[in-house]
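Peer 1: First to last, the sequence lines map onto chains A and B. When the letters of the first sequence are read in order and numbered with my numbering, they come out as residues 363 to 696. When the letters of the second sequence are read in order and numbered with my numbering, they come out as residues 363 to 696.
Mixed in with the good hints there might be a few duds.
Because identical chains share one entry, a pair is satisfied inside a single copy or across any pair of copies.
Simulated pairs of lysine to aspartate or glutamate, DMTMM-like, Cα-Cα distance not exceeding 20 Å [what the hints assert, rightly or not]: (1) K516 x E616; (2) K505 x E600; (3) K516 x E641.
Calculated directly from the structure, the hints in this document are not laboratory data. The structure presented is a predicted model; accordingly, all values stated were derived computationally and were not measured.
Listed here are the chains, written in short residue letters.
2 protein chains.
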Amino acid sequence: MNISCCYLSHGHINGMAEALLSAGAGLVSVYDPDERKVEKFMRKFPNARVASSYEEVLQDEKVDIVLLASIYSKRAEHAIAALESGKHVFVDKPACTTIEDLERIRAAQRREGRKFGVYYSEHINVASSIRAGELVAEGRIGKVVEVTLLAPHKLRENTREDWFFRKESYGGIITDIGSHQIEQLLFFSGSSDARILTSTVGNFNNPHHPEFEDYGSLVLRLSSGATGYMRVDWYTPESFPVFGDGRLIILGTEGYIEVRKYHDISTGERDSLYLVNGEGTHHEVCTGKVKKRFFADFLSDCENGTEISMKQDYVFKVMEIALRAESEADVEGK
Amino acid sequence: MNISCCYLSHGHINGMAEALLSAGAGLVSVYDPDERKVEKFMRKFPNARVASSYEEVLQDEKVDIVLLASIYSKRAEHAIAALESGKHVFVDKPACTTIEDLERIRAAQRREGRKFGVYYSEHINVASSIRAGELVAEGRIGKVVEVTLLAPHKLRENTREDWFFRKESYGGIITDIGSHQIEQLLFFSGSSDARILTSTVGNFNNPHHPEFEDYGSLVLRLSSGATGYMRVDWYTPESFPVFGDGRLIILGTEGYIEVRKYHDISTGERDSLYLVNGEGTHHEVCTGKVKKRFFADFLSDCENGTEISMKQDYVFKVMEIALRAESEADVEGK
Chain A
363 MNISCCYLSH GHINGMAEAL LSAGAGLVSV YDPDERKVEK FMRKFPNARV ASSYEEVLQD
423 EKVDIVLLAS IYSKRAEHAI AALESGKHVF VDKPACTTIE DLERIRAAQR REGRKFGVYY
483 SEHINVASSI RAGELVAEGR IGKVVEVTLL APHKLRENTR EDWFFRKESY GGIITDIGSH
543 QIEQLLFFSG SSDARILTST VGNFNNPHHP EFEDYGSLVL RLSSGATGYM RVDWYTPESF
603 PVFGDGRLII LGTEGYIEVR KYHDISTGER DSLYLVNGEG THHEVCTGKV KKRFFADFLS
663 DCENGTEISM KQDYVFKVME IALRAESEAD VEGK
Chain B
363 MNISCCYLSH GHINGMAEAL LSAGAGLVSV YDPDERKVEK FMRKFPNARV ASSYEEVLQD
423 EKVDIVLLAS IYSKRAEHAI AALESGKHVF VDKPACTTIE DLERIRAAQR REGRKFGVYY
483 SEHINVASSI RAGELVAEGR IGKVVEVTLL APHKLRENTR EDWFFRKESY GGIITDIGSH
543 QIEQLLFFSG SSDARILTST VGNFNNPHHP EFEDYGSLVL RLSSGATGYM RVDWYTPESF
603 PVFGDGRLII LGTEGYIEVR KYHDISTGER DSLYLVNGEG THHEVCTGKV KKRFFADFLS
663 DCENGTEISM KQDYVFKVME IALRAESEAD VEGK
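Hey, can you work out the whole structure from these sequences and the hints?
Peer 2: Written out as structure tokens, the structure reads:
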């Protein structure tokens, strides 16, 4: 399967391309209206051909999958155009910023029968997250009762373009980095749906960006019966060694798992996982020790029409919950 | 100030007595209708006189403060009788199990002008919790945006009496161990009140105790504007080195604090505190390094009519929020 990388407004495009290339895809082309973004991309991926328009990519028969990292509010339009050109789509999260756009994508995906994948990287591209899923599946903590996610991020304000701070174009903090977490709340509890019990957003530290939200949280009643809590924020100090001290805590009836995804503040390790159950406390560093199956599975799903990487309904359901939680949120701090 | 320890249904009575004796109180007497409970208490506190009835304690002019660790649903009745006999009261959490009982205690406290204290031990008797409060007060993490508490506990089922599993007598998991956490959500955010955004309870692992709740969680919109999340559960494996891996995480606009109160699964330390801010990551073990001021302050409050240990309204507000969150909770897993 061959890919083209289009609309490079978020650096995630690099991780998306690397992961699919490592899984066996070929890189055909790259497109962005901003030449500097294309030049930056070409430094990492010098073999890509530069397309002169998005239309050219969509007409290119060699392209099977279009990768998108557009300004968030433009992703739906770009994705639908790709689906309608017979391409599969792999889009950075969030896939879109409104329920109406989500419904348009859903309709286009059903009509065209192509795959629509979303890059929920904090799960599918993090070894310790994947390892946690394996341990849960092995029954090592009994039945999952609660999943908790703390997802702090560095703002790096001077690297962000203006659209990143306007609600219409970035969609809100739960839509954006919250959708990552919602996917994990569903996944680790074995759920396909959820009721939103509460959601909150606020702007506590960025009054100069009045439409920006720097904090969000929510509680879900997951369809498995478990409870899910997640918090997202943009307060991580610039000096912190990684982009954020992301944590995943899965509470089961017979034990729990804690994942310190990117930097364990006790040990300095990446992908640091703790398993506590009746057999004691077990610690492991997961980097390089698990297979990141999503990417090969997604290529195979595109090729064969299967649903092994993620079910299509599930991909949409995650965004639906995120968009609803965002629009219903209790607002404070503005 | 002299104390008497009455109704010894929870082992917290020992910690309550020890803390007040260390702060300068004298121990006058002990009372429980169950002789075995009195004998067990006397092994730790051999200088206590055994009272033959609760009435005898209440009539004893040498007793200034009555300490209570009754069956939870009996605490209100015992506390009100003590207040009406002119005694100050220091009761284990939860102070009571119904809103009606809380209102009766409130009325008695106001009428009699005595102190009514509650032993929120996970804050006032834990060095690392107290230290976290000092760091917040020093502004080390900026403005507090979220307080998160994870409070897992060992059930130790064979040590519990039947009343512990009956809703009428134990009051529910948010009423019980939740009230500890609610006090901390208020304290660490500098709040005096809160709106309940959601609360949940469930029985996921104890179907043989159908009225028992082994899981609870809630989200508060605190009066400071911050958000508070807490989770309580009874799933900690018996083999875990302490009663539970209690965590306190305080997120500020300029950093965060994580407290691993009783056992740091990375280092094995008690009272392990991490402070992360623009100056880096700082780790300290707090045992023995802070003053547990509450107890001397409470004795002084009783003696002088001050409100230094905790404001009386605040003590009641915590229980009010706990009881309302319990009664409104979304129920799953039964």
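Peer 1: Now tell me, hint by hint, if it's right for this structure.
Peer 2: Verification of the hints:
| no. | hint | in the structure |
| --- | --- | --- |
| 1 | K516 x E616 | between (35 Å within a copy, 11 Å between copies) |
| 2 | K505 x E600 | between (38 Å within a copy, 17 Å between copies) |
| 3 | K516 x E641 | between (37 Å within a copy, 15 Å between copies) |
The structure shown violates none of the earlier numbered hints.
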